[in-house]
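Participant: So you can see what is in the structure, the chains are spelled out below.
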Amino acid sequence: MNNPIISLEGVEKRFGSNLVVKKMNLEIAEGEFLTLLGPSGCGKTTTLRMIAGFEEASAGVIKVEGERIEDKEPFQRNVNTVFQNYALFPHMTVFNNVAYGLTIKKVPKPEIQERVMEMLRLVQLEGFEKRKPDELSGGQKQRVAIARALVNRPKVLLLDEPLGALDLKLRKQMQIELKRLQKKLGITFIYVTHDQEEALTMSDRIAVMHDGVLEQLDVPMEIYEHPKTKFVAGFIGESNIFDGKVTDKKDNVLTVQTEAGMMQVCGADFEVGEEMHVAIRPEYMDVSKTPVEGFDLPGTVKDFIYQGTVVKTALDIKNGQEIKYSRFEQDTDIAEGNQVYVYWRPEKAVAIKKSM
Amino acid sequence: MNNKKKKNMLPALAMAGPVSVWMILFVTIPMLYIIYISFMSRGVFGDVVYKFSTESYKTILDPTYFKVILKSLKAAGITTILCLLLGYPLAYIIAHKPKDTAAKLITLIMIPFWTNSLMRLNSWLLLFQTSGPINNFLVGTGIVKEPITFIYTDGLVLIGLITNMLPFAVLPLYSTIEKLDKSLIEASADLGASAATTFMRVTLPITFPGIFSAIILVFIPSLGIYTVTDMLGGGKILYIGNIIKNQFGSIRNWPLGAALSVMLIVITMLLIFIYTRFAKIEDMEVV
Numbered sequence: 614m615n616n617p618i619i620s621l622e623g624v625e626k627r628f629g630s631n632l633v634v635k636k637m638n639l640e641i642a643e644g645e646f647l648t649l650l651g652p653s654g655c656g657k658t659t660t661l662r663m664i665a666g667f668e669e670a671s672a673g674v675i676k677v678e679g680e681r682i683e684d685k686e687p688f689q690r691n692v693n694t695v696f697q698n699y700a701l702f703p704h705m706t707v708f709n710n711v712a713y714g715l716t717i718k719k720v721p722k723p724e725i726q727e728r729v730m731e732m733l734r735l736v737q738l739e740g741f742e743k744r745k746p747d748e749l750s751g752g753q754k755q756r757v758a759i760a761r762a763l764v765n766r767p768k769v770l771l772l773d774e775p776l777g778a779l780d781l782k783l784r785k786q787m788q789i790e791l792k793r794l795q796k797k798l799g800i801t802f803i804y805v806t807h808d809q810e811e812a813l814t815m816s817d818r819i820a821v822m823h824d825g826v827l828e829q830l831d832v833p834m835e836i837y838e839h840p841k842t843k844f845v846a847g848f849i850g851e852s853n854i855f856d857g858k859v860t861d862k863k864d865n866v867l868t869v870q871t872e873a874g875m876m877q878v879c880g881a882d883f884e885v886g887e888e889m890h891v892a893i894r895p896e897y898m899d900v901s902k903t904p905v906e907g908f909d910l911p912g913t914v915k916d917f918i919y920q921g922t923v924v925k926t927a928l929d930i931k932n933g934q935e936i937k938y939s940r941f942e943q944d945t946d947i948a949e950g951n952q953v954y955v956y957w958r959p960e961k962a963v964a965i966k967k968s969m
Numbered sequence: 006m007n008n009k010k011k012k013n014m015l016p017a018l019a020m021a022g023p024v025s026v027w028m029i030l031f032v033t034i035p036m037l038y039i040i041y042i043s044f045m046s047r048g049v050f051g052d053v054v055y056k057f058s059t060e061s062y063k064t065i066l067d068p069t070y071f072k073v074i075l076k077s078l079k080a081a082g083i084t085t086i087l088c089l090l091l092g093y094p095l096a097y098i099i100a101h102k103p104k105d106t107a108a109k110l111i112t113l114i115m116i117p118f119w120t121n122s123l124m125r126l127n128s129w130l131l132l133f134q135t136s137g138p139i140n141n142f143l144v145g146t147g148i149v150k151e152p153i154t155f156i157y158t159d160g161l162v163l164i165g166l167i168t169n170m171l172p173f174a175v176l177p178l179y180s181t182i183e184k185l186d187k188s189l190i191e192a193s194a195d196l197g198a199s200a201a202t203t204f205m206r207v208t209l210p211i212t213f214p215g216i217f218s219a220i221i222l223v224f225i226p227s228l229g230i231y232t233v234t235d236m237l238g239g240g241k242i243l244y245i246g247n248i249i250k251n252q253f254g255s256i257r258n259w260p261l262g263a264a265l266s267v268m269l270i271v272i273t274m275l276l277i278f279i280y281t282r283f284a285k286i287e288d289m290e291v292v
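Line order of the protein sequences matches chains A and B.
In terms of the working numbering, the first sequence opens at residue 614 and continues consecutively.
In terms of the working numbering, the second sequence opens at residue 6 and continues consecutively.
It should be emphasised that the hints constitute simulated quantities derived from the structure, not laboratory data.
One or more of the hints may lead you astray.
[Claimed, not checked] Derived pair list, reagent style DSSO-like, types lysine-lysine, alpha-carbon separation capped at 27 angstroms:
id, chain 1, residue 1, chain 2, residue 2
1, A, K785, A, K797
2, B, K241, B, K79
3, B, K187, A, K719
4, B, K250, A, K685
5, A, K967, A, K931
6, A, K685, B, K102
7, B, K184, A, K743
8, A, K743, B, K250
9, A, K768, B, K184
10, A, K862, A, K768
11, B, K72, B, K250
12, A, K961, A, K931
13, A, K718, B, K187
14, B, K184, A, K745
15, A, K961, A, K841
16, B, K184, B, K104
17, B, K187, A, K745
18, A, K931, A, K966
[Claimed, not checked] Chain A side only, calculated, beta carbon under 10 angstroms to chain B, not exhaustive:
id, residue
19, F696
20, Y713
21, Q952
22, Y954
[To be verified] Every beta carbon over 10 angstroms from chain A, so not counted as near; a handful from chain B, in silico:
id, residue
23, V73
24, L143
25, F155
Where is the CB? At the ideal position from N, CA and C, for every residue including glycine.
Put together the whole structure using the sequences plus the hints.
Facilitator: Shown next, in the form of structure tokens:
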């Protein structure tokens with residue numbers, strides 16, 4: 614990557630004997646919307662806090678525009694943070710909250726007035742400047758927090774689960790607003806969330822973290838369509854995952870034997886005899902009443918789960934695992950208790966290397 | 006409409022009723038009685054003669070008494086300021102310790118507070134007396150030639166007042182500082198403020214209700230306290246509390262004692278009035 618705005622090189626964080634971020638390497642391009650995604654405790658917030666300067670990296674190098682910043686105090690770094698609980702100053706009005714960073718930098722008064730009002734206009738909070746934070750709704754507080762950070766024109770904006778406290782509808786609306794705001798201003802966003810749907814909606818690239826390790830860094834579509842690890846396949850969206858061994862290889866089509874039966878998947882660099890995982894999305898699966906060539910995956914229809922846009926069918930398969938496939942409408946020719954054979958187009962499944 | 010309003014008042018009245026009765030019985034009536042006595046005159050034998058007189062209030066303005074009042078205000082003021090200067094950093098440090106450590110430290114602060122005050126005051130006297138350990142040390146090491154007279158001085162009284170009052174400053178300060186959201190400090194640093202600026206613009210204003218509670222909880226009792234001055238001042242040092250005690254006790258001038266008490270009450274009420282003007286009453290934190 615040419616001149617990344619932020620780069621992490623071998624960054625680690627240790628709390629006592631607990632290594633919460635392991636050898637993290639990450640380069641973020643200017644103007645990019647990058648999401649750190651992972652379950653709680655995966656080290657995503659700690660990574661963000663190391664960039665902000667609230668946590669000291671135990672090892673490694675953090676650079677902003679090529680300049681090392683690990684030893685700089687938070688107030689010396691040209692990044693700003695939007696906190697999970699907003700962290701608005703309760704004793705100040707909305708105006709003074711937003712103006713805080715500018716008054717610290719001794720920006721002339723008329724300019725402060727202009728920039729704050731412009732920012733409040735941008736987040737649609739005109740007329741709220743005299744309110745105190747406790748007179749605002751959650752969504753409004755969120756906008757103030759964003760305005761307070763953006764008014765300083767940071768190189769990078771760090772957002773720590775900023776929409777976590779909002780209800781679903783407002784969250785969806787704010788996701789789109791935030792993304793538009795980011796595009797309009799061209800500021801680099803580093804966004805922390807555990808909500809994979811949020812990550813897929815907003816990000817240019819997603820960094821999936823698990824147990825302090827960066828599992829996969831890619832554009833949303835690649836993360837969803839071609840997960841590189843078993844964890845990513847299971848965490849992003851819904852997947853049926855099988856553990857098995859390659860028994861045959863023809864062109865790029867692998868035949869894989871698993872406890873549940875035989876299946877096929879496309880994969881390039883796998884050897885016959887290699888242990889690996891197969892992940893398949895519910896929407897790519899098919900069932901037949903008769904066995905399909907290349908597959909030997911019988912299952913019993915357990916129940917149908919109606920979810921509005923799709924109907925999921927749960928099947929019990931040979932190894933006792935329950936797998937699900939989804940359809941827009943319920944299959945009319947099969948019923949609970951029926952024996953069916955599962956198959957799919959080999960290129961729709963993902964072959965995943967067994968992790969070390 | 007009117008009927009409805011009356012109906013709605015009933016639960017409120019029922020709730021306020023018992024409290025009001027209690028307040029009237031134990032606060033309002035005794036206070037009115039003190040005010041009433043303060044306008045009576047003193048009999049020849051130290052009894053109260055029920056004849057209206059403003060003599061007691063005129064006496065207060067007499068320079069002798071007035072000086073004592075000023076001196077007491079000054080001592081209470083210095084005690085309050087020193088308790089704040091000592092208490093704020095202490096409370097700040099405790100509030101930033103892990104929860105269980107903080108609880109232990111708070112207990113340590115409370116222990117002297119639970120100890121009998123006579124015992125505490127006597128130990129100060131023993132420590133500081135002419136042949137006490139502190140003077141022995143100073144003379145023994147040659148720092149001073151003659152033992153220093155610590156006891157029965159304003160200085161020792163001040164030490165006694167501060168040590169007596171410090172918990173009243175630390176507790177409300179601790180409870181407000183402890184509640185201060187740490188992410189506000191981080192947000193301030195994130196927006197470019199140094200630690201000192203963050204303290205002045207975020208920490209201090211947000212913990213102001215605690216500071217004001219500390220002021221009230223320290224200033225008002227130090228103004229009226231007489232045990233500390235009695236014991237550490239050896240009866241030589243008179244503050245307003247001692248004078249009131251003496252008027253009701255050995256001197257037997259109840260009207261004057263009552264008038265002085267009324268004055269103390271007025272000062273207290275003024276402070277609370279200022280408090281309610283500057284800090285929201287719901288923020289008031291009395292531990």
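Participant: Please go over all the hints and tell whether each is borne out by the structure.
Facilitator: Going through the hints against the structure:
1. Pair hint K785 of chain A plus K797 of chain A holds up; C-alpha atoms about 19 angstroms apart against a cutoff of 27 angstroms.
2. Distance check on the hinted pair: K241 of chain B and K79 of chain B sit about 17 angstroms apart at the alpha-carbon level, within 27 angstroms; holds.
3. Among the hinted pairs, K187 of chain B with K719 of chain A is consistent with the structure: their alpha-carbon atoms are about 25 angstroms apart, no more than 27 angstroms.
4. Straight-line distance between C-alpha atoms of K250 of chain B and K685 of chain A comes to about 61 angstroms, which puts the hinted pair past the 27 angstroms bound.
5. Between K967 of chain A and K931 of chain A the alpha-carbon distance is near 22 angstroms, which keeps this suggested pair within the 27 angstroms criterion.
6. The straight-line distance between the Cα atoms of K685 of chain A and K102 of chain B is roughly 25 angstroms, inside the 27 angstroms bound, and the hint therefore holds.
7. With a C-alpha separation of about 25 angstroms, the suggested pairing of K184 of chain B with K743 of chain A holds against the 27 angstroms cut-off.
8. Proposed proximity of K743 of chain A and K250 of chain B is contradicted: the alpha carbons are some 52 angstroms apart, above 27 angstroms.
9. Taking the CA atoms of K768 of chain A and K184 of chain B, the gap is near 33 angstroms; set against the 27 angstroms cutoff, the hint is violated.
10. Proximity of K862 of chain A to K768 of chain A is assessed by CA-CA distance (about 50 angstroms); at most 27 angstroms being required, the pair is judged violated.
11. With a C-alpha separation of about 17 angstroms, the suggested pairing of K72 of chain B with K250 of chain B holds against the 27 angstroms cut-off.
12. Distance hint between K961 of chain A and K931 of chain A is fulfilled; the C-alpha atoms sit about 22 angstroms from each other, no more than 27 angstroms.
13. A C-alpha spacing of about 22 angstroms is found between K718 of chain A and K187 of chain B, which places the hinted pair at or below 27 angstroms, so the restraint holds.
14. A distance of roughly 19 angstroms separates the Cα atoms of K184 of chain B and K745 of chain A; the hinted pair therefore holds under the 27 angstroms criterion.
15. Taking the CA atoms of K961 of chain A and K841 of chain A, the gap is near 14 angstroms; set against the 27 angstroms cutoff, the hint holds.
16. The hinted pair formed by K184 of chain B and K104 of chain B meets the criterion: a straight-line CA distance of about 12 angstroms does not exceed 27 angstroms.
17. Of the pairs offered as hints, the one joining K187 of chain B and K745 of chain A holds, with about 19 angstroms between alpha carbons and a cut-off of 27 angstroms not exceeded.
18. Straight-line distance between C-alpha atoms of K931 of chain A and K966 of chain A comes to about 23 angstroms, which keeps the hinted pair within the 27 angstroms bound.
19. Taken as an interface hint, F696 of chain A checks out: its beta carbon lies about 5 angstroms from the nearest beta carbon of chain B, inside 10 angstroms.
20. Interface hint status for Y713 of chain A: upheld, as the beta-carbon distance to the closest one in chain B is roughly 5 angstroms, under 10 angstroms.
21. Against a cut-off of 10 angstroms between C-beta atoms, the interface hint on Q952 of chain A is violated, since the closest Cβ of chain B lies about 57 angstroms away.
22. For Y954 of chain A, the suggested interface contact is broken, since its CB lies about 55 angstroms from the closest CB of chain B, more than 10 angstroms.
23. Chain A leaves V73 of chain B outside its interface by the beta-carbon criterion, the shortest separation being 40 angstroms against a cut-off of 10 angstroms.
24. The Cβ of L143 of chain B lies farther than 10 angstroms from every Cβ of chain A, with a closest approach of about 45 angstroms, so its non-interface assignment holds.
25. Residue-level check passed: F155 of chain B sits 44 angstroms from the nearest beta carbon of chain A, beyond 10 angstroms.
Of the numbered hints given earlier, the model fails hints 4, 8, 9, 10, 21 and 22; all others are met.
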